[in-house]
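In order, the protein sequence lines correspond to chains P and W.
All letters in the first sequence, in the order written, are residues 0 to 364 by numbering that gives the first Met the number 0.
All letters in the second sequence, in the order written, are residues 0 to 299 by numbering that gives the first Met the number 0.
Any given hint might turn out to be false.
[Said to hold, decoys possible] Among the chain P residues that face chain W by a calculated CB cut under 10 Å, a handful are:
#1 L23
#2 I107
#3 N143
#4 V156
Everything labelled a hint here was simulated from the structure, so no lab data went into it.
As the structure is a computational prediction, the values presented were derived from the model and not from experiment.
Where a beta carbon is used, it is the ideal one built from N, C-alpha and C, also for glycine.
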Amino acid sequence: MSKKEKVKTTKQIEGMFSIIRTLLAVTIALIFAFFLISTVSDNPIKDFSTLLIGPLANTGRMITVVSKMIPLLFTGVAVSLIYSAGQINIAAEGAFFAGAVASTVVAIIEGIPAPIHIILSLLAGAVTGAIVMGIPAIMNVRYNVVTIVSSLMMNYVALYGGLYIILNPLRDPSAGFEASFSFAKSAILPRILGNDRLHIGLLIGLAVVIFGSILLYKRPFGYSIRTVGANKRFAIYSGIPVDKTIVLTSLLSGAIAGMGGSVETLGNYSRFVYSGFTNHGWDGIMLAVLCRNNPKTIPFAAFFLAYLKTSADSLNLTSKIPPEIISVIQAIIIIFIAAEKLLSKWEHKKIVANSQKVMAVEKGD
Amino acid sequence: MLDYIFSLDFVYAVIRMGTPLLFVGMAAVIGAKADILCIAYEGMMLFAALGGVVGSAYSQSLFVGMIIGLLCGLVIAIIFAYFVLYLDTKPLLTGLALNTLGTGGTVYVVYLLTGMKLDTSSLHSLRFPAVHIPIIKDIPIIGGLISGHNLLSYIAFIMVIVVWYLVFRTRLGLRIRAVGENPGAAASVGINVKRTKFLAMMISGLIASMGGLFMSMAYMPYFTNNMTAGRGFIGIAAQNLGRGNPFFTMIYTLIFGAAMAIGNTAQAYRLPSQFASMMPYLITLIGLVIIGSRNKKTKN
């Protein structure tokens with residue numbers, strides 16, 4: 000028996016290697032970050048430690064981490080869903096932005112009772128997000144249009160269309176800067192845990208994570224999504240309605256991303272303030288890569304990314320280091336984690352050695 | 000509005016706006032022929048734009064600046080090709096990562112060199128000159144249309160012919176198309192698929208880098224934060240609309256250029272500028288649907 004316990008399955012080894020690869024990617028990125036910091040900084044060790052443990056310094060910063068994490072939960076799950084279906088749809092960025100705009104349109108209306116007003120605003124965001132991400136999907140299944148191009152174009156249409164609405168009909172001339180009218184008090188998300196920066200969006204985000212992982216791994220529809228993503232032809236032969244699955248997944252993913260935009264706007268601001276892309280959609284892609292499209296682990300990855308962003312912000316305040324260092328770290332992490340063949344020889348050797356061990360054990364029995 | 004569209008200024012504006020798109024469009028044509036899904040052109044352009052500025056500022060030579068700029072863009076193309084071809088990284092993610100690196104990394108370098116986080120206006124970098132063609136420039140109307148554009152704009156139009164010739168009339172072009180259309184068949188006749196794709200990606204990266212150089216050494220006199228602003232993506236869209244044909248791709252890049260030129264002047268005519276900025280993307284979407292539905296009909 001003791002012999003058998005030592006034997007691992009191939010799947011376990013693959014899992015182990017994906018963890019090793021993730022750690023390796025993070026380590027390489029941090030080494031590179033240290034190198035970058037030391038080119039600019041007078042005190043690289045102090046600045047590097049700010050990057051690593053800066054957010055732990057006080058509760059205020061930890062709350063910033065959690066509040067930065069909220070929108071990432073939405074876009075991370077949204078992208079995980081759509082990538083599970085094998086669709087290279089990158090309109091999550093546009094869906095997030097459009098969702099924020101749509102909920103602004105609803106949120107500036109006065110005189111709707113609070114709970115209904117919030118629900119209506121979030122719904123407006125979700126529906127608009129679904130449209131933004133659904134159109135490229137429909138174009139793909141109906142007209143065979145390459146999704147990556149159409150979804151890119153859709154991002155810009157959402158951006159400029161949204162800015163047009165905010166800066167023309169909804170612009171508040173008394174604001175003193177380019178912004179919409181203020182939201183009605185009834186549309187602002189309620190606070191939780193007695194903190195004025197944590198809002199109910201955190202709970203909605205976690206609910207979305209649970210919804211996403213149950214849907215994808217515990218429901219028949221999730222199985223369809225993953226089958227379409229893994230092998231379209233097999234999905235067709237096994238009678239899964241492929242086109243319908245793609246469109247529905249895109250709509251759902253867009254709705255989640257759009258609602259993320261609503262939550263972020265109504266939770267943190269008193270009026271619409273964005274003047275360009277917020278990058279949350281792109282961050283969602285990074286999270287989905289880190290989590291291998293599994294929504295269950297999105298909160299951890301989102302926390303990690305939010306932590307890094309908070310560190311970069313505090314570095315920007317306390318040192319000369321530009322906050323863009325975070326983009327460099329992000330880029331290195333993505334590229335190394337996604338490198339499938341990195342360490343593949345070592346992994347292969349392990350698997351071969353392991354199968355030989357398995358055979359030996361079976362013979363021994 | 001109409002009087003602007005029929006003016007010489009408009010022609011200049013279209014060519015000025017269209018030049019970087021034309022370079023990326025041609026880069027994307029080669030990428031598409033080799034069947035590589037590359038969205039990293041933003042990153043390549045940004046690094047090339049910065050490299051050109053820095054190189055020319057420190058050497059005070061346009062040529063050195065150009066070479067350094069091209070090398071910077073080429074490095075990104077090589078990283079892309081190496082990860083995608085040899086480490087099996089998904090092209091979309093690699094492109095995404097390199098674009099992120101482009102926006103963040105260039106700002107970092109700018110700060111390192113100038114101590115400023117916004118632009119390199121404090122460096123005395125050089126610009127590509129406008130070319131006034133002798134004799135032709137004195138011909139009425141035609142002279143105004145053809146002469147007086149930036150040197151890189153002329154190179155961009157020549158590049159269309161060069162790319163067409165490379166892809167359809169040379170041995171290398173044949174190989175690139177072969178590995179793009181049917182890598183198995185190409186390998187069976189002894190073509191090294193990975194090496195050919197690698198080479199295609201390097202050529203593609205060099206052409207895209209020219210677009211980057213135009214941004215910081217002609218369009219603007221210095222490098223600014225994220226100055227390509229999505230042009231790398233529009234080039235890909237133009238390639239898609241032109242279905243990989245260099246000449247059709249050129250037409251679409253000029254349409255995008257025209258839409259951008261109109262967008263820039265829209266405010267003077269009291270049109271909301273966001274509306275004008277949205278037009279090229281909306282036109283692309285509609286164009287993609289029209290082309291797609293026509294394809295479907297012919298297939299049926």
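Hint check results:
1. Hint on L23 of chain P is violated. Least Cβ distance to chain W is approximately 13 Å, over the 10 Å limit.
2. The beta carbon of I107 of chain P comes no nearer than 19 Å to any beta carbon in chain W, farther than 10 Å, and the hint placing it at the interface is violated.
3. Checking N143 of chain P against chain W: minimum C-beta separation of about 5 Å stays under 10 Å; hint holds.
4. Evaluation of the V156 of chain P hint against chain W yields a held restraint, the C-beta minimum of about 5 Å falling below 10 Å.
The structure shown violates the earlier hints numbered 1, 2.
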